[in-house]
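Turn these sequences into a full structure, and let the hints steer you where they fit.
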Amino acid sequence: MTARRTGTGGRARVPAVLAASALLAGAGALLGGCGHSPANTASAGGTGRPARAQAPAGAPEATTYARLKGVPRDDAPDGATGGLVVHPAKAVPVLDKPGGRTVATLPAQQLGGPTWVPVVQSSGDWRRVLLPSRPNGATGWISGAADGLITAHTPYTVKVDLSRRRLTLLKAGKPAGAWSVAVGGARTPTPTGRTFMLATLAPATRTPSPLVLPLGTHSATLDTFGGGPGTVALHGWPDRSVFGKAVTHGCVRVPQDALDALAKVPLGSLVFIGA
Amino acid sequence: MHAFTRLTAAGLLAAGLTAGAAGPALAAPPDPAGSGSAFGLAATGGPLGSVPPVPAVSSDAGPARKSLLKEDRLKAVRASALNVSAAPANARSNVADLAVPTAKLKADAVTATCRDARGGAHLTQATVAGRRLDASPPPNTTIPVDVEGVGRTSLVLNKQQRLPNGRLAVTAMQLNLPGGKGALRVASATCGRVPAQRPVEAPAPKPVKHHDLPVTG
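Top to bottom, those sequences are chains A and B. Residues in the first sequence are numbered from 1 upward in steps of one, following full-length UniProt numbering. Residues in the second sequence are numbered from 1 upward in steps of one, following full-length UniProt numbering.
There are no misleading hints in this set.
Partial pick of chain B residues on the chain A-facing surface, computed with a CB cut under 8 angstroms: (1) Pro-199; (2) Val-200; (3) Ala-202; (4) Pro-203; (5) Ala-204; (6) Pro-205; (7) Lys-206; (8) Pro-207; (9) Val-208; (10) Lys-209; (11) His-210; (12) Val-215.
Residues of chain B clear of chain A, computed beta-carbon distances all greater than 12 angstroms: (13) Ser-50; (14) Ser-85; (15) Thr-113; (16) Thr-153.
Keep in mind the hints are simulated off the structure, nothing from the lab. We treat Cβ as the ideally placed atom computed from N, Cα and C, and that holds for glycine.
Here it is, written out as structure tokens:
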């Protein structure tokens, strides 16, 4: 079952084997129950806000809701970086190559918090960054000299080993924690590749997880989920029996102590998901 | 002639002391990468006499400047209003009313500038043996000059040297003594690049409260 599908509320159209679990179905509803951020709802079409008028009209905002066209794909999905991350204090154009065509706009905010994206390549003053939009592995070039671009360094990377169902947090390349986690089931696998910590959300409802840490990647088998765009996230789970199993819709469910540690990882930090 | 022999002997001694150090080491006192420095005048040995870099400034943080109304310790060189300034990524030296009679060298003003490891020199009303010198000479312009009591030697304008640590040393005028026996340097500025801003540690995220995104469970 690799065809794209739509999961609504985690119940009706998720794979039967998963929907059979009341907990899982509940998770979809609970994690997905509150809808979108107003600021990002119409992101894919470009909001045309005056403050973000740098990019040509119609350039879509690179958010978790968007599907971008003409963006170069990540060609080094296993590649480590020096930990450089950037935050645009105001929206910046995203180009398909240094000095090339504008294919998107990277807004200053994602999901109510600051946008931080990892730099995966540099060419002169241009920085190639991972984007939080579909298709998975979307990248783009932004000007390193862009007005208001803030640069920082994160020592953290996260590795998710799908076959071992294990998440390892590394600080400066050294393990800072490792946990048995639940990963995507056979029909809704957790997508592999290089992505990043996109946001840290404290949902209104603390169950099943007091924190949800969306990544910059999406389910490859669910175009939407629970009314959302199928964003994959790291989050907690009350039932510890799931850890070590491939049972989720794509998210990575982690124990509470892992969630506590991951919540301190700066946004933009790379997450490597390997088969 | 007797005096010249003595001076030459002194020059040889000075040359021995400064052998291999004709460039960067002389350009300014030792300073770390990511710093700027400047001086107005310096001479090592030979009939022109010796004087350490004056006035000299160096900075690896905020701007620094120094001025000297007149420099007349060297009998062979006169200069007034020597103004130097330096910051890590820029430096400037300006020397006014320069005269080196034995080389028939004169200039109303000699300026060296260095900014973000790029440099330039500017000469105002500069002449050597009555020949007008280019106001903005290309880097390392070398012209032959005859210095009284020394003979044929070279004058390098806008001398630019890349230092091992990536900084640039610009000397607006350098009158070499034959055989590497020292040199007179006028208006020198050395600078590094704007220090690559060492990225700060990325901040720990602050949870966005009551902001829900339906994720894939």
